[in-house]
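Asker: Starting from the known structure of chain A, fit chain B onto it as the hints suggest.
These protein sequence lines are chains A and B, in that order. Heads up, the first sequence is in the working numbering, so the first residue is 65 and it goes up one at a time. Heads up, the second sequence is in the working numbering, so the first residue is 460 and it goes up one at a time.
Careful: at least some of the hints might be erroneous.
[Unchecked claim] Rough simulated footprint, nothing fancy, chain A against chain B, three-plus residues with beta-carbon under 8 Å: (1) 506 to 519; (2) 629 to 640.
[Claimed, not checked] In silico EDC-like cross-links for lysine to aspartate or glutamate, where the CA-CA straight-line distance does not exceed 16 Å: (3) B:Lys499 <-> A:Asp417; (4) B:Lys512 <-> A:Asp176; (5) B:Lys506 <-> A:Glu439; (6) B:Lys490 <-> A:Glu415; (7) B:Lys509 <-> A:Glu439; (8) A:Lys396 <-> B:Glu494; (9) B:Lys692 <-> B:Glu736; (10) B:Lys506 <-> A:Glu437; (11) A:Lys193 <-> A:Asp176; (12) A:Lys396 <-> B:Glu535; (13) A:Lys402 <-> B:Glu535; (14) B:Lys506 <-> A:Asp417; (15) A:Lys449 <-> B:Asp537; (16) B:Lys495 <-> A:Glu415; (17) B:Lys509 <-> A:Glu437; (18) B:Lys698 <-> B:Glu654; (19) B:Lys495 <-> A:Asp417; (20) A:Lys449 <-> B:Glu507; (21) B:Lys499 <-> A:Glu415; (22) A:Lys75 <-> B:Glu491; (23) B:Lys506 <-> A:Asp176; (24) A:Lys402 <-> B:Glu510; (25) A:Lys396 <-> B:Asp537.
Since the hints were made in silico from the structure, they are not lab data. Glycine residues also receive a C-beta, built at the ideal position from the N, C-alpha and C atoms.
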Amino acid sequence: MISALFLMNGKGEVLISRIYRDDISRGVANAFRLEVIGSQETRSPVKLIGSTSFMYIKVGNIYIVGVSRQNVNACMVFEVLHQLVDIFKSYFDNLDEDSIRNNFVLVYELLDEILDFGYPQNCSTDVLKLYITQGQGKLKSLDKLKQDKISKITIQATGTTPWRTPDIKYKRNELYIDVVESVNLLMSAEGNILRADVSGQVMMKCFLSGMPECKFGMNDKVIMDREKSTNGGAARSGARRANGIEIDDITFHQCVRLGKFDSDRTVSFIPPDGEFELMRYRTTEHINLPFKVIPIVREMGRTRLECSVTVKSNFSSKMFGANVKVIIPTPKNTAVCKIVVAAGKAKYMPEQDAIIWRIRRFPGDTEFTLRAEVELMASVNLDKKAWSRPPISMEFQVTMFTASGFSVRFLKVVEKSNYTPIKWVRYLTKAGTYQNRI
Amino acid sequence: MSMSVTNPNIAKTSMRGLTNFISDLRNSPSKENEEKRVTKEMAHIRKEFKENKNIDGYQRRKYVCKLVYMYMLGYELDFGHMEAVTLLSSTKFSEKQIGYIALGILLNEQHEMLPLIINSFKEDLLARSDYFQSLALAAICNIGGKEVAEFLSPLIQKLLIANTSSPMVKKRCALAILRMNRKHIGFVSPDSWVERLVSVLDEPDFGVLTSLMSLLIELASENPVGWEPAIPKVIYLLKKIIINKEFPKEYVYYHVTCPWLQVKLLKFLRYFPAPDESQGGKVLGEILTAIFAQSESAKAGTVNHKNSLNAVLFEAINLIIHLDNDPVLLKQTSLLLGRFLTVKETNIRYLGLEAMSHFASLSNETSIMIKKYQDTVLLSLKDSDISIRRRALDLLYGMCDKNTCKHIVAELLSYLQTADYAIREELVIKIANLAEKFASNYSWYVDVILQLITTAGDFVSDDIWFRVVKIVTNHEDIQAYAASTVFNALQSRNCHETLIKVGGYILGEFGHLIADNPQSSPLVQFNILHSKFNTCGAPTKALLLSTYAKFVNLFPELTQQTQEVFKQHQSYIDAEIQQRACEYLNLTSLNEDLMQTVLDVIPAFIDAKDNSNTTSNTANNSNMINSQDSKISSGGYNQSPQTQIQPQVQPQAQNQQQNVSTNGLDLLDPFGLGLTNQQPTQQPTQQPVYQQQQAESFSPIQNDTVSSFGQQQGGFNSPTIQAAGSPISSGGSDPMQIKILASYKRLCLVTEGVLYEDSMLQVGLKSEYQSGQGRLMLYYGNSSTFPLTNFNITLNSIAGLTLQPQSIAPVIQPKAQLQQPVTFTCTAEFTESPIITINFLTPGKPITISLRLPIVISKFFEPLRLSSGDFFARWKTISGKPLEIQEIFKSTKPIDIQSYNRVIQEGLNITVLKQVDPNPNNIVASCLFPFGSNGQPINSYIRIETNPQANMCRLTIRSQSATLTNTIKNLLISHLQ
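If we strip away everything but chain A, and leave its shape as in the complex, we get:
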């Protein structure tokens, strides 16, 4: 049970304070300011001061703080805090101090709806937008519908499918599926994988009429094995990728019928209208790493550094990586960098203490090399610590490629009017924290 929510700026001044329960006083915000914002040491997202727990996230320069005096589920609180950010962002485009100050009435209104007596009630932007129509122009289009809709709000918010109204109609019934994966990697200087995992998201955008019943199929190992056994290992299964992938944990949108998933692993749901996240998952086995980095960094005495970094793409030559960025750290006392690159552009950025190498379009199955000579400024104090050699990190996007091997097998849509929607699937792999030690 969240006792209070505070929005504070970077200095710890309270912008918004909404107290849901009377077991805390307004003064706790001050305690938070002193103990967390003011102190250099505290970097944990949960801070216990006295018997009050503060859970906070920082978005830009804004602290969003949930306060509780009970043994509250911390994950729930953080989920609410993140949802809050999404809701605020959908109401006023960027979340910063000014936008909060300008929209404080709206913020209070939202906070009133989202939580009741500290219990989260409704975090769905779509539903909230039905009855909180204040704010900027983007909601004006709803005004004409307002009269009709307002009467239905109660039924909507308390019905079995609060995320969808039954009277939606589209001329073209369309359905988009985006599979977005981000790869996290930590590789040692010798090229051994220390840690690798993929966290993926299945985003859906629905423009379907009526109350469509959808069924989603993916290459989950459990389902694949079961199908194989029911079909008696028939020739059909051999044609596709032999086995499914092992998915470690899956989180579904609230519209998915979990009971059904538990009993026969089918993902069936009535989708909300518009864009939503159908599921989230994570895999840690058999990961296809899209890029391999081979770094050679040599320190030549106290004033020179030589490095050569080779990046190799590990996917089919038909695909390509976009916006590839390699961040090669340099010592703090870097004076001059002489860089030679085969492709893209490379530059020393003193703000980040790194050489940034950008390649717009990185074809599959190729490798590029960067060579750099770094001249260092001799330090005055001789007993200075040696350079800590931070890891090289990468950013990239590869479309139509999944690092986990995840693929969408089918999506069936059944509706009373029996239309056939047009379906689109897209895959994208991004870099999470993709690091190579040097």
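Answerer: Only chain B this time, still in chain A's reference frame:
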């Protein structure tokens, strides 16, 4: 070069890049932005320094400035130092200046780069340019460490005395040496170059003189010897300024000529004795007179004018007080100081008071001179500023003498009532010091101190009342007065604890001097002290117990009351009080001679220590100049705490010390009983018993136990002890005691046997019990060869047990036996056994024997049989203290469950319940006591868990009566242990 050297102040082209950079940083919206900007700039500067081989002076200067600015913002800077050093060796002033500034900020004394730049310093010092020399000197002051100082100081000293150096350089040289000397004391010694340094005093430039005087004062304050040659010059300088009025115009500050230089010159003279004629002593007198005259004539202008005028004036006054050789000047000074006392300005009043207290301490004449300001000073005590009050107090303390002390002390005492707490402690000490120092008669002194204690008791330290006690003890003439005064003071309802201490001590010692007065009869004295007893702390209580012991000695009629008090405190929680109570109880009830010796009047204290007080006071006064508050307040009483602590802790011990003339008394044996051969005692065989009692009297158990001594043991002839007849704690190690205890214990378990036996008398008994009634037959057998006459028995009932003894014949013939039947009724639970006291006369000697009758509560127990279920059901209904007692004890002999069962079942009439606890090593028992104090029978439940290996038992008893539980516990432990 020549351009910038000659016109260093004309700004070179201003550095636009620097200004932009600084404004960028100051305008940056957040900390992160600023950091980014700084790292970017640093990278840029690194690149420039690294790549740009022909970077010009301007750019280098600009970048170094930027780096210094970033460094000052708190960013780490680990390069650029070399660039600053490069700037240092530039020939342009602007570049050199930045180089020096940067290094002054970036480096410190310990920096490893410092050796690299010593040479640059040296070159600049040797340079022809004043500005270069000045820059180098400033940098040496700021960052020069020991090495630099050692390397460059000859050069700097040379520069200071060289004729060619400009005043600007000389000034800085003097300050540089001063700074080096402060950091490394003993750097400059007079013998090496005193003459040449003194010759610099001829320098006409006042700036140089001011700096040089700072240096000279520092050097003279370290060690004035060797700097005398400077005195005539200093006096000449003063003359030049004050009398000849030769000075440059720019050194006049608010119409006062260079006040700083004047002050320094005057201050310098204070480090030396009064100058003689050859040194210009006479001139100095004129100068001082002139200073006074100036201040007289000057019309008070602005605050600054007044301040500078007064600064010189006070320095002159301090010098006059220091010289102390011109009565006219002293007279003037006293007048001047008197005027300062009435000035509105607090600071001046403060200085005036301070100077006056120095003045007062000079001699008698001076203190007489300021006598007339006494009332003004007294008024200052009521000033709103505490520092003024403190000064005034100091001054009054210094002004006080034989004639004025009564007045001043009276004033201070009346002030004490309203004084705030911050000053009280100091005040109390000062009053006490004054009262003692100038006391013409000691009764006045006693009055003063008592008044002190009454008004500010919390601030009266122990030292003060120790002094009172000491003085009263040492002066017979005031003892009676002191006693009656203290007695009167004690009448007040709420008197301070210190007063009680003083009262306790003085009445204990000298109470007899006022005892004839019916209003202060011994009993009244005792009552009045004892009425305060309960509210006192432990040390005071201990002291009062000593007083009571003394009372017993002085007034035998108080014996009963005091012994009552001692008895009450025999088991007091504080060990010191308990010990005193036990010892005094025994002391006062045993031997009168011993008691009289021990509790005799304290002899006079040895006077050698008295002097410490007065000597320290005079020492204090002579130290008055430069002495701090703390110094003054620490005088007097704190000087001899060790000698004064004795009266409080062990008055009797000290007495003992006098008697037996031995040192190093043991606290546990304060009566010196161990030193038997030196005791004026007549019964040597009695001694061991005594000692043993001393040792045993603190054993926590059975203080109430009564038993007798072994009367007939060899050559025993101490009628006094026998007659005393009071309960005496039993000992365990005496064979007679052991025997008595053993027979008592045995008889607790059985119905008949011998209770007591010695060579004269045998006491036996038979008993029978029936539902709360008992009958006891006592047999007294005379086993001696002579008749025992005046035989009489005292047998008193105790709570819960009514005894009805029959009277018996007063004489037992030799080898005959007397019988005495005793009937008794139990009405409630009781804890102790009744005591029988047997008195009789052997030929010529009275004998008293006290015995415990073996009537214990268990004799009245009735069996209570319970099944296992019943037992535990009832067991559970009672819990928690005091109804439940658990005790773990170690058995002295091997545990035998059978014999335990027998003792419990047959001896103590407690029903042992078999098959309740499956563990054979455990005993479960219960009993019924039918005569509970509330008329109800009381059940008791007992569990004993034994551990035969460890020989340990755990005993748990639960009953509905706390008394019963406790009694059963004691019984069981005494019989099972």
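Asker: A separate judgement is required for each hint: does it hold in the structure or not?
Answerer: Verification of the supplied hints:
1. Residues of the segment 506 to 519 of chain B lying with their CB closer than 8 Å to a CB of chain A number 4, which satisfies the three-residue condition for coverage.
2. Look at the segment 629 to 640 of chain B against chain A: 0 of its residues bring a Cβ nearer than 8 Å to a Cβ of that chain, fewer than three, so the hint is violated.
3. For the proposed pair Lys499 of chain B and Asp417 of chain A, the alpha carbon gap of about 9 Å is at most 16 Å, so the pair holds.
4. Taking the CA atoms of Lys512 of chain B and Asp176 of chain A, the gap is about 66 Å. The hint is violated against a cut of 16 Å.
5. Restraint check for Lys506 of chain B and Glu439 of chain A: satisfied, since their Cα atoms lie roughly 9 Å apart, inside the 16 Å limit.
6. Taking the CA atoms of Lys490 of chain B and Glu415 of chain A, the gap is about 13 Å. The hint holds against a cut of 16 Å.
7. A C-alpha spacing of about 8 Å is found between Lys509 of chain B and Glu439 of chain A, which places the hinted pair at or below 16 Å, so the restraint holds.
8. The suggested pairing of Lys396 of chain A with Glu494 of chain B holds, with an alpha-carbon distance near 13 Å, which does not exceed 16 Å.
9. Distance restraint check for Lys692 of chain B and Glu736 of chain B: the Cα-Cα separation of roughly 14 Å lies within the 16 Å cut-off, and the hinted pair is therefore satisfied.
10. Proximity of Lys506 of chain B to Glu437 of chain A is assessed by CA-CA distance (about 14 Å); at most 16 Å being required, the pair is judged to hold.
11. At most 16 Å may separate the alpha-carbon atoms for a hinted pair to count; Lys193 of chain A and Asp176 of chain A meet this at roughly 14 Å.
12. For a cut-off of 16 Å, the pair hint linking Lys396 of chain A to Glu535 of chain B stands: about 11 Å separates their Cα positions.
13. Restraint check: the Cα-Cα separation between Lys402 of chain A and Glu535 of chain B comes to about 26 Å, which exceeds 16 Å; the hinted pair is violated.
14. For the hint pairing Lys506 of chain B with Asp417 of chain A, the CA-to-CA distance comes to about 14 Å; that is within 16 Å, so the pair holds.
15. Taking the CA atoms of Lys449 of chain A and Asp537 of chain B, the gap is about 12 Å. The hint holds against a cut of 16 Å.
16. Between Lys495 of chain B and Glu415 of chain A, the direct Cα distance comes to roughly 5 Å. Compliance with the 16 Å bound is thereby established for this hinted pair.
17. Proximity of Lys509 of chain B to Glu437 of chain A is assessed by CA-CA distance (about 14 Å); at most 16 Å being required, the pair is judged to hold.
18. Straight-line distance between C-alpha atoms of Lys698 of chain B and Glu654 of chain B comes to about 21 Å, which puts the hinted pair past the 16 Å bound.
19. Taking the CA atoms of Lys495 of chain B and Asp417 of chain A, the gap is about 10 Å. The hint holds against a cut of 16 Å.
20. Taking the CA atoms of Lys449 of chain A and Glu507 of chain B, the gap is near 24 Å; set against the 16 Å cutoff, the hint is violated.
21. Distance restraint check for Lys499 of chain B and Glu415 of chain A: the Cα-Cα separation of roughly 6 Å lies within the 16 Å cut-off, and the hinted pair is therefore satisfied.
22. For the suggested pair Lys75 of chain A and Glu491 of chain B, the alpha carbons sit about 13 Å apart, so the restraint of at most 16 Å is met.
23. With a C-alpha separation of about 56 Å, the suggested pairing of Lys506 of chain B with Asp176 of chain A is violated against the 16 Å cut-off.
24. For the suggested pair Lys402 of chain A and Glu510 of chain B, the alpha carbons sit about 12 Å apart, so the restraint of at most 16 Å is met.
25. The hinted pair formed by Lys396 of chain A and Asp537 of chain B meets the criterion: a straight-line CA distance of about 10 Å does not exceed 16 Å.
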